[in-house]
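Given the sequences, and given the hints that come with them, work out the whole structure.
First to last, the protein sequences are chains A and B. All you need for our numbering is the position in the first sequence, starting with 1, plus 183. All you need for our numbering is the position in the second sequence, starting with 1, plus 1.
If you're looking for bench data, these hints aren't it; they were derived computationally from the structure. Treat each hint with caution, since some may be false.
To be verified - In the EDC-like style, the derived pairs of lysine to aspartate or glutamate whose C-alpha atoms are separated by at most 20 Å in a straight line are:
{"id": "1", "chain 1": "B", "residue 1": "K748", "chain 2": "B", "residue 2": "D603"}
{"id": "2", "chain 1": "B", "residue 1": "K339", "chain 2": "A", "residue 2": "E297"}
{"id": "3", "chain 1": "B", "residue 1": "K4", "chain 2": "A", "residue 2": "D311"}
{"id": "4", "chain 1": "A", "residue 1": "K186", "chain 2": "B", "residue 2": "D603"}
{"id": "5", "chain 1": "B", "residue 1": "K4", "chain 2": "B", "residue 2": "E41"}
{"id": "6", "chain 1": "B", "residue 1": "K748", "chain 2": "B", "residue 2": "D595"}
{"id": "7", "chain 1": "B", "residue 1": "K748", "chain 2": "B", "residue 2": "E623"}
{"id": "8", "chain 1": "A", "residue 1": "K186", "chain 2": "B", "residue 2": "E426"}
{"id": "9", "chain 1": "B", "residue 1": "K339", "chain 2": "A", "residue 2": "D492"}
{"id": "10", "chain 1": "A", "residue 1": "K186", "chain 2": "B", "residue 2": "E488"}
Unchecked claim - One side of the interface only, derived from the structure: several residues of chain B facing chain A at Cβ under 7 Å:
{"id": "11", "residue": "R384"}
{"id": "12", "residue": "E475"}
{"id": "13", "residue": "E488"}
What the hints assert, rightly or not - Chain B side only, calculated, beta carbon under 10 Å to chain A, not exhaustive:
{"id": "14", "residue": "Q259"}
{"id": "15", "residue": "D330"}
{"id": "16", "residue": "A342"}
{"id": "17", "residue": "E477"}
{"id": "18", "residue": "T480"}
{"id": "19", "residue": "P809"}
Glycine is no exception: its CB is placed at the ideal position from the N, C-alpha and C atoms.
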Amino acid sequence: MRKAALVLEDGTVYRGRGVGAPGISAGEACFTTAMAGYEEAATDPSYAAQVLVFSYPLIGNYGVDPVRMESGTVQCAGVVMRSSRPALAVWLATQGTVAIDDIDTRALVRRIREGGVMRCALGDAPTDELLRRALAEPHIDLDRMAANGVVRSPLAYDVCAHEPAIFGQGPRCVVMDFGCKRSIVRRLVENGLEIVLVPGYWDAEAILGLRPRAVLVGNGPGDPSQLDGAVETVRSLLGQLPVFGICLGHQLLGLALGLETFKLPFGHRGANHPVRVRDSQRVLVTVQNHGFAVHRSDALEVSHMSLNDGTVEGLEGENFASVQFHPEAAPGPLDALPFFERIASACRSGRI
Amino acid sequence: MPKRTDLESILIIGSGPIRIGQACEFDYSGAQACRVLRSEGYRTVLVNSNPATIMTDSEWADATYLEPLDAEAVGQVIAREHPDALLPTLGGQTALNLAVELKRCGVLDRYGVELIGADVEAISRAEDRSIFRETMIAAGLSVPASVIVTSLSQLDGCPLPAVVRPAFTLGGQGGGLARDRDELERQVARGLRASPVGQVLVERSLHGWQEFELEVMVDSAGNCVIVCSIENIDPMGVHTGDSWTVAPQQTLPDVEYQRLREAAFACARAVGVATGGANVQFAYEPASRELALIEMNPRVSRSSALASKATGYPIAKLAALLAVGYTLDELPNDITGKSSAAFEPALDYVAVKAPRFDWEKFGAEPVLGTEMRAVGEALGLGRTFPEAFLKALEGLEQELPVPEFSGAHLYFRYEIDSIRAAEEELAASGDIPTAKRFGLPDSRIARTLGISEQEVRSRRGRPGRLAVDSCAAEFEARTPYFYLSFEQGDTVEALEKPRILILGSGPNRIGQGIEFDYCCVHAARSFRRLGYEAVMLNSNPETVSTDYDTSSRLYLEPVTLERVLDVARYEQPQAVVVTLGGQTPLKLARALADEGVPLAGDPLASIEAAEDRGAFGGVLAELGLRAPRWGTASTSAEARELAREIGTPVLVRPHYVLGGRGMRVVRDAEALEITEPVLVDEYLEGAIELDVDALCDGGHAWVAAVLEHVEPTGVHSGDSACVVPGPSVVAALEREIRELTDALAGKLGIRGLLNLQLALHHGHIYVLEANPRASRTVPFVAKATGIPLVDAACRLMMGARLEELGLPERAEPTRVWAKEAIFPEDRFAGAAVRGPEMKSTGEVMAGGRTAAEAYARVLRGAGHGHATGSIGPSLQELEITARRGRNLGRFEKSS
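Shown next, in the form of structure tokens:
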């Protein structure tokens, strides 16, 4: 048994067993309450620079299948579990992911819930070294990065594709890639669209040069307020063609509309978040994975609201629509899947 | 949508007596519904024939009818009460069937009663197998392929392997499994003969497939959520009620699970579930990824109760609220108090349910199939699979080995194998904390290391308290519902007032059922009213006691010494109640006392005096009371000698065997042969048996009722029908019973409830048994007399005197009441033959102006119609004086 530990930036130490790659890894500790879909979560690029804590205690029960990966590789900085199965541990090790199990993840979740997301480090090193590594890790939100004087380049641009790629056939939809999940592209293709995935840093002119019928601003990691260029791009696109957003894309759309974003204390991550469709009794059980949210739930454009904490879950207006949650699910409920039909119909009609 | 204001009163139908397949989960669901609808301002009317239920207590509904659950009786209630609506989805299959019948015979329309929660069309779409199949296929859902066959020439194209189901036979009679063509021909030939219409259904067998259940909630706005997924560890072929199950599902990748979720919604919508809970069952084959819909229940079910307890999500309560018009988004999640009910619980633990079987009661082979056989269940919650699994196993209280699941998914086999590996590791390392964190109970650790449980406890530290919070700690939980695990516990504020810890009765079993849950629930309410905090510990997910609203704080744990001591260490109770949950807590009394845990009512001395036959005989002799003569013998010669001394006939039974197993009547002492040590008892043939329930304050007793058994001695008291007031209990007899009860209670120093079993034989009263605890008949007596017996017992246990309770001079039943037992004769051959061994699963109660009328009505409630003979003596026999004349003797003369 390989002894390992997880140390939070406040000095809290959790001891467990190293089950992934050897070494040390650091990131922002955050938890998901989804009870299945560990491969999808670990390979979701939105988890870049984050240490993923599974609140569900039994991880790896049904093995590992690359078909279920949401990108080419494990994206999170580390994985923390109560208990894991050997096949999963082997996969994490081959992916070079530092992972730890036998951790009291419920205590850890409570700590994060009460203290907010925190930087952490995990691995088979002495705890004082892990603490140093946790403290040396840059924050994810721009404000604290600036305050600490360590501003890293946007995470989204680390994980996005740097060359455009084309999928499917049909009316063309451009997806701005900030670390887009494979399922988003797959769902769009299933709806009869041709998808051109372009780097998130492409400007409006380059995007419009592809003559798309609509643009989807995709999901990705990091603080949206760090992506001024992308916000500017979205602002220029608005009004020219239908613009959609998912997760980070929704936040960028909010910023482009002049709204503000803020960092949630410990984020929304799970597969059971109820969202009410505005002016209706319709409730969607949604998949969420976000640490930031759009401010001003009383704004006119708000189309969806969280039933848990009242935060903004969707925006809608003249030729744009975005959702904070993940309609492509993977993992989680498919209640919001019709969002892709709306994109497809906009691509066919040119209007939302 | 806010709640409906066009409804004023709502009729709720219960599920009647406890039977295999329909147990106290419907007391739980009905009680929740009654309470919440009443608090919403509706007038609630309840009909149920089961006296042992909490819901039939007068405080739960505005009007309660203990009536047979048939269309005639419920029709009369409707005629009298004129309810605006009938909510049929919380009383199991019984209520659903009755609602359909009331609709079809025009009663609902005649009185303008609206069915809410489910309409007749939806019910029949779910219940009628062929309509269900058509509905599912039309909705694009897959069901097992099947062919209807009327002759042996039609077998080409039949699926194989197949289940052959003859049409219009009961309980699968004449059906079976066919693996190949030969077997198919044989089975179909047999099925065609068995079917009165000469028709069989040949259905593709999904034997060995994985089996899943999803608990769906639907509201009137069309919102659907899955409260919980449940995976059967036993594969298809074993009834889900007989399967070990786990929640949430463990072995489906998310993408496959979402297929089930979507299909469950599609199924509920296709059937047309209006609002409330539904249960959808699936079979799944992982290699081919084939999914088949097996069944759906458009109502709250046994699995709903399990899902509620496994997640904390109050399904029945919400189903009731949705039925009166609320939508999910309008209702809060009780557990957090902040978030919404329109969500799907996230668990950070695993819940394992174990079925309890009582095979030996029925002399049956332990063979599982498609018909349910389990009599009860235990739930275990843990942070690891072995922890939850072993808690469920322990909770069964049967000291069983770890079961093997040969057909189960590899994952489960791996987890179950890891238990043995952990024990081997423990034996090698002696590392107790690691074994505890893995989930081994103290008893297994003690056995593995060859040390005492006490030593294990001293070396293991103590578990944390973890909340069942429905949200995996994402939000702070308000609801006081916990389990124990060797993790850092949640921060739990100490309860303010002094605590009373109530120990529940564990899984239902023959001889220990819902009656004891009734007592525990009452105790929780009483102690809270008396200014204490009531803390409940129980493992039975079907019950009202494991509803987190019942007590100040609930621990869902096996009722074992280990867990009781751990809870007691946290709660520091002023007293632990061991006398209301049947044998389960009672048998912990000595060990708890030895550990210095204070017991409510200080019952240890009286328990031990009453249990030890020799000691008890001494007590009776001192008081000048009679008991049947008895003795023990280990050789045939000794036994014959004893039989001669006592005088035949005698009852002979193996020593150390509980209950009435292996008991026989011997009339010829000289012919008596034995092969093992036996107990020989005087047999009071033809005696009248009486049950006495009394309240005691340490010095005196107050008799609440003297019940007269319909069957003579020799039939287990739990299986006897009885009547109160007993037609044979004349004034002089009652007076003497009150005197002897008072004397016995004083002598034994009992505080709380006392039950006596007496026999009246040729003018003499014999004391067969004294049980210084709540008896099976407490709820019946409480309902018959209107005296809240358990509440009084709680006050007595805490030191009150009888005269402080404001009891009447003499308890008067409100009318004549009768109780009849219900037997699982549809599951086990010979289960309805009454004898010394208890076999009944439940009971019904009914009232009348005379004993004969009450008894006739209770037979009707039991579904025994107007039958006589093997059911019991005829009504005439109950009233005629033959046995009274023989047995009353001097009492007859003096009255």
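Results of checking the hints against the structure:
| no. | hint | in the structure |
| --- | --- | --- |
| 1 | B/K748 with B/D603 | holds (14 Å) |
| 2 | B/K339 with A/E297 | holds (16 Å) |
| 3 | B/K4 with A/D311 | violated (58 Å) |
| 4 | A/K186 with B/D603 | violated (50 Å) |
| 5 | B/K4 with B/E41 | holds (9 Å) |
| 6 | B/K748 with B/D595 | violated (24 Å) |
| 7 | B/K748 with B/E623 | holds (9 Å) |
| 8 | A/K186 with B/E426 | holds (18 Å) |
| 9 | B/K339 with A/D492 | holds (8 Å) |
| 10 | A/K186 with B/E488 | holds (18 Å) |
| 11 | R384 | holds (5 Å) |
| 12 | E475 | holds (6 Å) |
| 13 | E488 | holds (5 Å) |
| 14 | Q259 | holds (6 Å) |
| 15 | D330 | holds (5 Å) |
| 16 | A342 | holds (9 Å) |
| 17 | E477 | holds (8 Å) |
| 18 | T480 | violated (16 Å) |
| 19 | P809 | violated (53 Å) |
The structure fails to meet hints 3, 4, 6, 18 and 19 from the earlier list, while all remaining hints are met.
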